[in-house]
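Order-wise, the sequence lines are chains A and B. FYI, this note's numbering numbers position 209 of the first sequence as 209, with every residue one higher than the one before it. FYI, this note's numbering numbers position 221 of the second sequence as 221, with every residue one higher than the one before it.
Fair warning: there could be bad hints in the mix.
Given that identical chains are not distinguished, each listed pair holds provided it fits within a single copy or across any two copies.
Keeping only pairs whose Cα atoms sit at most 35 Å apart, straight-line, the calculated DSBU-like set for lysine-lysine is [unchecked claim]:
(1) Lys8 - Lys230
(2) Lys63 - Lys16
(3) Lys230 - Lys16
(4) Lys17 - Lys147
(5) Lys96 - Lys78
(6) Lys22 - Lys230
(7) Lys230 - Lys63
(8) Lys63 - Lys22
(9) Lys78 - Lys230
(10) Lys230 - Lys48
(11) Lys96 - Lys230
(12) Lys78 - Lys16
(13) Lys63 - Lys2
(14) Lys230 - Lys64
Worth flagging that the hints you see were computed from the coordinates, not collected in a lab. From a predicted model like this one, the values you see are computed outputs, not experimental measurements.
Number of protein chains: 2
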Amino acid sequence: MKHISSTKNEIVKQWKKLLTKKGRLQTKRFLVEGEHLVEEAVRAGIIKELIVREDVQVPGSWKKNAADLITIDESVAKVLSETETTQGIFAVCEMKEQTERLERGRYLLLDRLQDPGNVGTMIRTADAAGFDGVIIGHGTVDVYNSKVLRATQGSIFHLPVIMMSLDEAIQDLHELGVFVLGTALRNANPYTEVENLGAIGLIIGNEAQGVAPELLDQCDGRAYIPIRGKAESLNAAVAAGILLYHFAPVD
Amino acid sequence: MKHISSTKNEIVKQWKKLLTKKGRLQTKRFLVEGEHLVEEAVRAGIIKELIVREDVQVPGSWKKNAADLITIDESVAKVLSETETTQGIFAVCEMKEQTERLERGRYLLLDRLQDPGNVGTMIRTADAAGFDGVIIGHGTVDVYNSKVLRATQGSIFHLPVIMMSLDEAIQDLHELGVFVLGTALRNANPYTEVENLGAIGLIIGNEAQGVAPELLDQCDGRAYIPIRGKAESLNAAVAAGILLYHFAPVD
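Just chain A, with the same shape it has in the complex:
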């Protein structure tokens, strides 16, 4: 069992690279933090290194499922942590190869979403609502960002999260005969007037600009959520939640 006491250790420098999008893309690895997320990553079977502060106890089953167990000093935990008070539990995980092909089903498509908390919450809600996957278009915040991971509450390990161009995704969904619905404020129907047909590609757009016009042009329908009071808009994650549950599988 390795122990690392210095923040200047070469391994710590490698870990710190995983806090940047560039470092994650180069290594195809990412860092998760906190008991709950690490537990979900263990279950998903993607842990390469389990990293725990020396005073922290973790279940034996976690150790068996990690290729490597490394203990660290508190100073190292502080360097790795992106929370205010760290639990001292981390794991280096491997990104899954994206071999999934889209199948007929329910997908949430994210067009240039910027807020990590929103994106993570949307992935969590898509999981809860029984959707089959989330498609992350170019320009949406990196889903391996620590704030996104935290907000997914582990759902990122439960359902396929697929990075691909939304043009391509819409084309694939159309070939599968799936209805693609864009959210838009103009030339759109109240979402309650759109039937829950089973399979759907639901596109949520950028917090300020909405779905790109060139994507809306490829949609089979457009819907909006009526605002009845004096609020100007809904929080993006709340709006996504309302729509996801409207188009969720019915028991």
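Chain A is already provided as a structure; the job is to place chain B on it using the hints.
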């Protein structure tokens, strides 16, 4: 026109007290920050002091609507701000006297909600969904907290936000013949099976513990949102959004 250049000025000390719940309760005033919120407060006609950093221009109509206009140095703006990069626009506002009596209508009741962002987002969503008011039970985070105010996006100035005991609120609603629905995981129906009857008292509970059992006992019905995937739960503000829109007025 007053100008304040020192963070040690007595007036700044008074303003800083408004950053605490105690200070707000004692003075029945609160501080709002940022162009959008201050604009909404101006419209609501509750601004006592308009406070702007000396380099910031604000519309003349704002100045007319504020009892006092005070310019400040950047150092003072930094002391007052609870954001990372401040716009340098603040206002001291007066809390409205709560004289509203509940009427037959749609109300969201919050039982011991702890997360300021959740509470603010719920107020915003209740406004958007066309609810008539939000009732804040004892033990819910102070709605004049800066994070709550920010998350409401101004909706706190649009619809009645009433601080009262939920026991009393449920009793009042019952006297008005309003159906009171508690959210609960056990002995509950899927929310989609609960009819939208018009008037409703919808109770959302603490993020971890849910609605208190003694309140559930007083409810006319209990509902839950089905979780179909592997997610353990929904974000509280998302859950509230799904329910608020299910029970929203229909055009």
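Hint by hint, here is what the structure shows:
1. Proximity of Lys8 to Lys230 under the C-alpha cut-off of 35 Å is found in neither arrangement, the shortest distances being 54 Å within a copy and 39 Å between copies.
2. Taking the shortest alpha-carbon separations for Lys63 and Lys16, only the intra-copy value of 22 Å comes in at or below 35 Å, while the best inter-copy value is 49 Å.
3. In this assembly of identical chains, Lys230 and Lys16 lie within 35 Å of each other by CA distance solely across copies; the values are 30 Å between and 45 Å within a copy.
4. Within a single copy, Lys17 and Lys147 get their C-alpha atoms as close as 16 Å, and across copies as close as 32 Å, so both meet the 35 Å cut-off.
5. Proximity of Lys96 and Lys78 under a CA criterion of 35 Å is satisfied intra-copy only: 28 Å inside one chain copy versus 44 Å between copies.
6. In this assembly of identical chains, Lys22 and Lys230 lie within 35 Å of each other by CA distance solely across copies; the values are 30 Å between and 42 Å within a copy.
7. For the homomeric pair Lys230 and Lys63, the shortest alpha-carbon distance between copies (23 Å) is at most 35 Å, but the shortest distance inside one copy (53 Å) is not.
8. Taking the shortest Cα distances, Lys63 and Lys22 sit within 35 Å of each other inside one copy (28 Å), while across copies they are farther apart (48 Å).
9. Only between protomers do Lys78 and Lys230 lie at most 35 Å apart by alpha-carbon distance; the minimum there is 31 Å, versus 44 Å within a single protomer.
10. Taking the closest pair of Cα atoms, Lys230 and Lys48 come within 35 Å of each other only across two copies (23 Å); inside a single copy the shortest separation is 50 Å, beyond that limit.
11. For a Cα distance limit of 35 Å, the shortest separation of Lys96 from Lys230 across copies, 18 Å, qualifies, whereas the shortest one inside one copy, 44 Å, does not.
12. Taking the shortest Cα distances, Lys78 and Lys16 sit within 35 Å of each other both inside one copy (11 Å) and across copies (31 Å).
13. Proximity of Lys63 to Lys2 under the C-alpha cut-off of 35 Å is restricted to the intra-copy arrangement: shortest distance 13 Å within a copy versus 64 Å between copies.
14. Taking CA atoms no more than 35 Å apart as the test, Lys230 paired with Lys64 passes between copies only; the shortest distance there is 23 Å, against 55 Å inside one copy.
Violated hint: 1 only; the structure is consistent with all others.
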